[in-house]
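2 protein chains.
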Amino acid sequence: MGNPSKYKIAIVGSGRLARQLANAFFSAGIVVSQIYARNSGMAQRIANQIGAQAVNDIHAIKTDTTCCVLAVSDDAIAAVSEALPSIEGLVVHTSGFRGFQEIHSKHAHRGVFYPLQTFTHGRDADFHSIPFFVEAEHDADQSFLLELGNKLSDKVMVSRLFERQRLHLAAVFVSNFTNALYVIGKDLLEAENLDFSLLHPLILETASKAIALNPHEGQTGPARRNDAGTIREHVKMLYKNQEAAEVYKLFTSIIQNKYKNQKDE
Amino acid sequence: MGNPSKYKIAIVGSGRLARQLANAFFSAGIVVSQIYARNSGMAQRIANQIGAQAVNDIHAIKTDTTCCVLAVSDDAIAAVSEALPSIEGLVVHTSGFRGFQEIHSKHAHRGVFYPLQTFTHGRDADFHSIPFFVEAEHDADQSFLLELGNKLSDKVMVSRLFERQRLHLAAVFVSNFTNALYVIGKDLLEAENLDFSLLHPLILETASKAIALNPHEGQTGPARRNDAGTIREHVKMLYKNQEAAEVYKLFTSIIQNKYKNQKDE
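These protein sequence lines map, in sequence, to chains A and B. Heads up, the first sequence is in my numbering, so the first residue is 8 and it goes up one at a time. Heads up, the second sequence is in my numbering, so the first residue is 8 and it goes up one at a time.
Honestly, I wouldn't trust all of these hints.
Claimed, not checked - Computed footprint of chain B on chain A, listed as stretches where at least three residues anywhere in the stretch have a Cβ under 8 Å from a Cβ of chain B: (1) 168-174; (2) 206-214; (3) 225-234.
Said to hold, decoys possible - Each computed DSS-like pair below joins lysine-lysine, with the alpha-carbon atoms no more than 27 Å apart: (4) K247/B <-> K265/A; (5) K267/B <-> K256/A; (6) K69/A <-> K15/A; (7) K265/A <-> K69/B; (8) K69/A <-> K13/A; (9) K256/B <-> K243/B; (10) K69/A <-> K158/A; (11) K13/B <-> K158/B; (12) K113/A <-> K15/A; (13) K265/B <-> K243/A; (14) K265/A <-> K243/A; (15) K113/B <-> K69/B; (16) K69/A <-> K113/A; (17) K247/A <-> K265/B; (18) K247/B <-> K256/A; (19) K15/B <-> K158/B; (20) K243/A <-> K256/B; (21) K267/B <-> K243/B; (22) K113/A <-> K13/A; (23) K243/B <-> K265/A; (24) K162/A <-> K15/A; (25) K265/B <-> K256/A; (26) K13/B <-> K69/B; (27) K113/B <-> K15/B; (28) K265/B <-> K243/B; (29) K13/A <-> K158/A; (30) K267/A <-> K243/A; (31) K158/A <-> K15/A; (32) K162/B <-> K15/B; (33) K256/B <-> K247/A; (34) K267/B <-> K247/A; (35) K256/A <-> K256/B; (36) K247/B <-> K267/A; (37) K256/B <-> K267/A; (38) K69/B <-> K15/B; (39) K256/A <-> K267/A; (40) K256/A <-> K243/B.
The set of hints was computed from the structure by calculation and includes no laboratory data. Positions of the beta carbon are idealized from the N, C-alpha and C atoms, including for glycine.
Go ahead and model the full structure; you've got the sequences and the hints to work with.
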């Protein structure tokens with residue numbers, strides 16, 4: 008695949024992932040030569056940080072780009088890839104949910120470069136620990152994506168679409184929905200002028216123990232103990248908060264159902 | 008309150024909390040003199056670790072104990088405290104959900120000593136970071152509990168029952184229900200022979216960013232973006248897993264509802 012310092016990467020997009028990927032490539036010594044985004048101010052800001060060229064016309068992306076990374080929303084992949092000039096190198100998207108076929112077929116080398124992580128403004132992701140799932144239409148391109156990924160991360164794997172979709176779905180549960188539970192917890196405390204920070208150690212320990220042990224074994228709480236009295240009181244406390252009450256009842260029934268034949272200590 | 012090295016603590020219980028509290032007192036240089044549990048083998052094992060006396064008759068708990076800590080289930084507090092001989096010092100329970108009144112009134116000094124954390128077999132909690140919420144019938148006892156707590160933790164507060172109940176309820180959401188989401192994530196991956204460890208970085212980052220930032224701002228995902236196509240496909244993928252599908256639909260509607268008037272980037 009040649010010398011990584013000679014790669015010419017183009018990034019399309021200026022969202023959270025585009026920005027962090029640009030910085031991660033830069034830190035890994037890989038040249039990001041061009042950045043295009045509809046929001047040209049954003050593209051310019053990212054480009055300035057890493058010495059890239061910001062382009063405000065998608066046709067200005069160079070056809071001899073080694074790898075053009077589309078860090079755009081799933082629904083934009085088709086249109087954006089069609090608007091690009093035909094790229095001689097690879098064109099990849101970063102979605103966990105779409106196949107490389109989503110990229111317009113005018114590009115001869117299509118692929119997927121999917122990092123499984125949640126990216127947030129103002130918070131630098133540690134790319135080394137992020138699993139990357141790659142796939143390409145052609146084997147040589149797949150090898151290239153593995154190499155490229157390995158510059159950023161310690162965990163890069165070839166995967167099929169159905170696997171990435173499964174990972175993406177599981178990620179929605181353990182990240183997006185978990186965060187929604189944190190929001191409920193915060194709102195419940197703040198309604199009584201209690202500070203969310205009181206829950207911080209519990210949140211971290213719950214995550215850490217699921218990783219160190221096994222979440223099946225780490226299940227605790229009133230539902231796990233089948234403590235009907237506490238469950239009833241909890242539901243009463245939620246009478247003003249219908250959404251939280253629904254969440255409470257659903258999880259309680261799921262947990263009770265799962266452990267009904269096992270005694271907690 | 009006198010010299011902590013002269014305290015005589017008794018612990019009733021041999022579950023996860025009893026065990027970890029016993030060790031935490033020991034590490035803090037506070038003498039745990041007696042441990043009682045129905046399961047006398049368990050009590051003996053804990054006692055051996057910290058040089059305490061295991062007793063298999065609750066009447067053998069000494070009446071001149073400085074503080075008798077009931078680390079038992081909520082429903083056992085009343086009966087266990089009644090079975091104890093009348094203690095001259097304090098009798099406290101460790102429940103987040105019951106008042107000190109739950110302790111039998113034959114004890115003149117009743118209180119609550121509630122650590123907000125999830126305790127797991129085979130995993131030592133870091134007591135310094137655990138918030139303790141204390142309350143006692145008498146002011147002097149409350150001061151004693153603050154002092155005692157401060158030997159174990161950097162964060163000890165006097166609190167009212169309604170505050171502890173609120174914390175306890177919020178803890179169920181951010182810990183017990185979060186863990187149930189981890190279980191769903193794990194099961195979804197393992198059904199396709201994918202390893203749960205692929206989600207570890209995401210789980211940790213989701214917890215860390217809720218703490219570093221604000222979970223309201225950290226909400227991401229298809230529901231947050233109102234990405235109807237992906238949501239529809241996700242629900243289809245869950246057709247064999249009714250419980251997970253219900254969780255998916257409920258959270259999606261809660262998140263969509265909350266952010267319907269705000270655009271994600």
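Legend entry - Holds or violated: K267/B to K256/A, with C-alpha atoms at most 27 Å apart: Holds: K267/B and K256/A sit about 24 Å apart, inside 27 Å.
Inset, instruction - Below or equal to 27 Å on CA atoms is what counts here, so check K113/A against K13/A. - result: Roughly 25 Å between the alpha carbons, so the hint for K113/A and K13/A holds.
Inset, instruction - For the pair we were handed, K267/B and K243/B, check the Cα-Cα distance against 27 Å. - result: Given that 27 Å is the threshold and the Cα spacing comes to 23 Å, the pair holds.
Inset, instruction - Sort out whether K247/A lies within 27 Å of K256/B, counting only the CA atoms. - result: Holds: K256/B and K247/A sit about 21 Å apart, inside 27 Å.
Legend entry - Holds or violated: K267/A to K243/A, with C-alpha atoms at most 27 Å apart: holds (23 Å)
Legend entry - Given hint K69/B paired with K113/B - CA-CA distance at most 27 Å: holds (15 Å)
Inset, instruction - For the pair supplied as a hint, K247/B and K267/A, confirm whether the alpha-carbon distance does not exceed 27 Å. - result: holds (21 Å)
Inset, instruction - Can you take a look at whether the region 225-234 of chain A is actually covered by chain B? Rule is 3+ residues, C-beta closer than 8 Å. - result: With 9 residues in contact (Cβ-Cβ under 8 Å with chain B), the coverage given for the region 225-234 of chain A holds.
Legend entry - 27 Å Cα cutoff - pair K243/A, K256/B: holds (24 Å)
Legend entry - Given coverage of the region 168-174 of chain A by chain B, tested with a Cβ cutoff of 8 Å and a minimum of 3 residues: It holds: at least three residues are needed, and the region 168-174 of chain A offers 5 whose Cβ sits within less than 8 Å of chain B.
Inset, instruction - Given the hint that K13/B pairs with K158/B, test it: the Cα-Cα distance must not exceed 27 Å. - result: holds (14 Å)
Legend entry - Restraint status (C-alpha distance of K247/A to K265/B at most 27 Å): holds (16 Å)
Hint 7 from the earlier list is the only one contradicted by this structure; the remaining hints agree with it.
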